[in-house]
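**Q** Spelled out from the first residue to the last, the chains are:
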Amino acid sequence: MICEECNERPATMHFTKIINGKKTEVHMCERCAQEKGEMFMLNGGPGFSINNLLAGLFNIDPGFQQAKANALPKTEVLRCIRCNLTFSQFVHIGKFGCAECYETFKDHLDPILKRVHSGNTSHHGKIPKRIGGSIHIKKQIKDLKQQLKQFIEHEEFEKAAEIRDQVRSLEKGADNVEGGGQQ
Amino acid sequence: MSLEHFLQKAISSWMNEEGPDSDIVLSSRIRLARNFKDFSFSTLFSQEEAMQIINVIKDCLNDTDIPEVGRLEFLQMESLQPLDKLVLVEKHLISPNLAEDSPYGACLLSANEEVSIMVNEEDHLRIQCLYSGLQLNEALQRANALDDFIEGQIDYAFDEERGYLTSCPTNVGTGLRASVMMHLPGLVLTNQINHLIPAINQLGLVVRGIYGEGSEAIGNIFQISNQITLGKSETDIVEDLTSVVQQIIAQERSAREALVHTSDIQLEDRVYRSFGILQHARVIETKEAARCLSDVRLGIDLGYIKNISKGILNELMILTQPGFLQKYAGGPLRPHERDIRRAAFIRERFDLEKKDNSEGGNSL
Ligand SMILES: [Zn+2]
Ligand SMILES: [Zn+2]
Chain X
8 MICEECNERP ATMHFTKIIN GKKTEVHMCE RCAQEKGEMF MLNGGPGFSI
58 NNLLAGLFNI DPGFQQAKAN ALPKTEVLRC IRCNLTFSQF VHIGKFGCAE
108 CYETFKDHLD PILKRVHSGN TSHHGKIPKR IGGSIHIKKQ IKDLKQQLKQ
158 FIEHEEFEKA AEIRDQVRSL EKGADNVEGG GQQ
Chain L
908 MSLEHFLQKA ISSWMNEEGP DSDIVLSSRI RLARNFKDFS FSTLFSQEEA
958 MQIINVIKDC LNDTDIPEVG RLEFLQMESL QPLDKLVLVE KHLISPNLAE
1008 DSPYGACLLS ANEEVSIMVN EEDHLRIQCL YSGLQLNEAL QRANALDDFI
1058 EGQIDYAFDE ERGYLTSCPT NVGTGLRASV MMHLPGLVLT NQINHLIPAI
1108 NQLGLVVRGI YGEGSEAIGN IFQISNQITL GKSETDIVED LTSVVQQIIA
1158 QERSAREALV HTSDIQLEDR VYRSFGILQH ARVIETKEAA RCLSDVRLGI
1208 DLGYIKNISK GILNELMILT QPGFLQKYAG GPLRPHERDI RRAAFIRERF
1258 DLEKKDNSEG GNSL
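Heads up: the sequence lines are chains X and L, in that order. Using this note's numbering, read the first sequence as starting at 8 and increasing by one per residue. Using this note's numbering, read the second sequence as starting at 908 and increasing by one per residue.
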């Protein structure tokens, strides 16, 4: 077999590449593979092995396998209604098909996320300003209440009172946003 | 094209600016992964959806003066020559994946190449900011400004519980990958790096070579990045990474000091041998070039070599990659031809330094 890159030297390196869930065999000589390899290392591009790695990662998780065994009788397939991806396809390619998949596979995600993110399953970072709306306010209230607790513990009551007022006015605002959103 | 002109066009601002701690930290990068709420992820989307995404982001950003960012130039992958795509990859502006496997991919670039957005890669958007030296906070701020601007007009896939939804579960939550590129010859030469890497891994950070395969880091250049994107805030991720990087900087500095004190003349000899090879070799492979460039850069940092700009390591590590060499040569080259061109390019580049010095006069 001849190298697919240079069409010169014999292909001694063989890879399996997965693009959008489709497997492709790649055959290259050592020299070209090395140069390709250098390219793939750049930016941490998800070229050769990430997907396989992930699928392997999911499969070895005992908690996850149990969840799968319990919740999925053989005749019933868990499938995202929006993009049609099944749960086993997700595990195989290691990628979601759409935002809705997160909701569809919700009951099976915690063990996977815990494994990948050192035990974490919920977001504690940025919230988009516009669509975040009430989420943003709720988060702010949570943070302020944390501060409030600390001020009280340190007996800084004047500051605590200030924070309490802020929380109250935010809570009013949050009610309005949510009420407005639902009616 | 003259070398000077080629360089002018080829060099991004992070390569020759000197950010904080730039004797050790070559660059800082922030990447945010974002997806549009109403479209399938790139894993499964149709051609039609892909084109719609491109149009939506074009409408949002093209010909727009974005606060804190300026204007971005739009480039569609299918209309670029393979060699031009390879050059963008070698400059770290787009991923190999976008260049090779994303027929409906596109990117948006700022004029100084500090800001780039990949469209329709693994996620609909990958917002990236690349700065010289250790400037993760600055890069995060910039990326956030751009993110806010886009979010002002486009609905992102976001979930209260899981955060920003990404195609791969390894990016969900903040969608943030913060990374720094470090030159660590001191820790490599003193064999400390092998102990350091597992320790850094235990802190939830990933260390790897940027050039070279597997655990090998050619040019002694390492990339350190966060692994976890879920459960920590963006600021915490960046602060944690920064503090580890600062410790590595301190260790690298003391390793260099120890080397200077204990190596007698060997270190200086090593530096000058490499300097000689780069200035005179007629054929040079990537690996040897990288090793010599690392030595010369260390020699500059330690004051053995004067009158050569520090940026030469960043610059030549990138400009001697296959894509750039072929771009400069004006067409495809076989591997052996590249090795010859690489040697010639490096010689020419060093000659340019000498010329600058004789013209510029008394630089330190
Ligand atoms: Zn080949
Ligand atoms: Zn789906």
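It should be emphasised that the hints constitute simulated quantities derived from the structure, not laboratory data. For every residue, glycine included, the Cβ atom is placed at its ideal position computed from N, Cα and C. Among the hints, erroneous ones may be present.
List of simulated lysine-lysine pairs, DSS-like, C-alpha gap at most 27 angstroms [as the list claims (entries may be wrong)]: (1) L:K1262 x L:K992; (2) L:K1217 x X:K136; (3) X:K149 x X:K136; (4) L:K992 x L:K916; (5) L:K992 x X:K145; (6) X:K136 x X:K179; (7) X:K146 x L:K916; (8) X:K121 x L:K944; (9) X:K179 x X:K146; (10) X:K136 x L:K944; (11) X:K156 x X:K146; (12) L:K1194 x L:K1217; (13) L:K965 x L:K944; (14) X:K152 x X:K136; (15) L:K944 x X:K113; (16) L:K1217 x L:K1262; (17) X:K179 x X:K152; (18) L:K916 x L:K944.
Partial selection, computed: residues in chain L whose CB lies under 8 angstroms from chain X [stated by the list, open to error]: (19) N942; (20) L951; (21) E1058; (22) D1062; (23) Y1063; (24) F1065; (25) E1067; (26) E1068; (27) G1070; (28) L1072; (29) I1135; (30) T1149; (31) V1151; (32) Q1153.
**Q** State for each hint whether it applies.
**A** Hint check results:
no., hint, result
1, L:K1262 x L:K992, "violated (32 angstroms)"
2, L:K1217 x X:K136, "violated (42 angstroms)"
3, X:K149 x X:K136, "holds (17 angstroms)"
4, L:K992 x L:K916, "holds (15 angstroms)"
5, L:K992 x X:K145, "violated (44 angstroms)"
6, X:K136 x X:K179, "holds (18 angstroms)"
7, X:K146 x L:K916, "violated (46 angstroms)"
8, X:K121 x L:K944, "holds (24 angstroms)"
9, X:K179 x X:K146, "holds (14 angstroms)"
10, X:K136 x L:K944, "holds (15 angstroms)"
11, X:K156 x X:K146, "holds (16 angstroms)"
12, L:K1194 x L:K1217, "holds (20 angstroms)"
13, L:K965 x L:K944, "holds (17 angstroms)"
14, X:K152 x X:K136, "holds (21 angstroms)"
15, L:K944 x X:K113, "holds (17 angstroms)"
16, L:K1217 x L:K1262, "holds (16 angstroms)"
17, X:K179 x X:K152, "holds (15 angstroms)"
18, L:K916 x L:K944, "violated (37 angstroms)"
19, N942, "holds (7 angstroms)"
20, L951, "holds (4 angstroms)"
21, E1058, "holds (5 angstroms)"
22, D1062, "holds (6 angstroms)"
23, Y1063, "holds (6 angstroms)"
24, F1065, "holds (5 angstroms)"
25, E1067, "holds (5 angstroms)"
26, E1068, "holds (5 angstroms)"
27, G1070, "holds (3 angstroms)"
28, L1072, "holds (5 angstroms)"
29, I1135, "holds (5 angstroms)"
30, T1149, "violated (16 angstroms)"
31, V1151, "violated (15 angstroms)"
32, Q1153, "violated (22 angstroms)"
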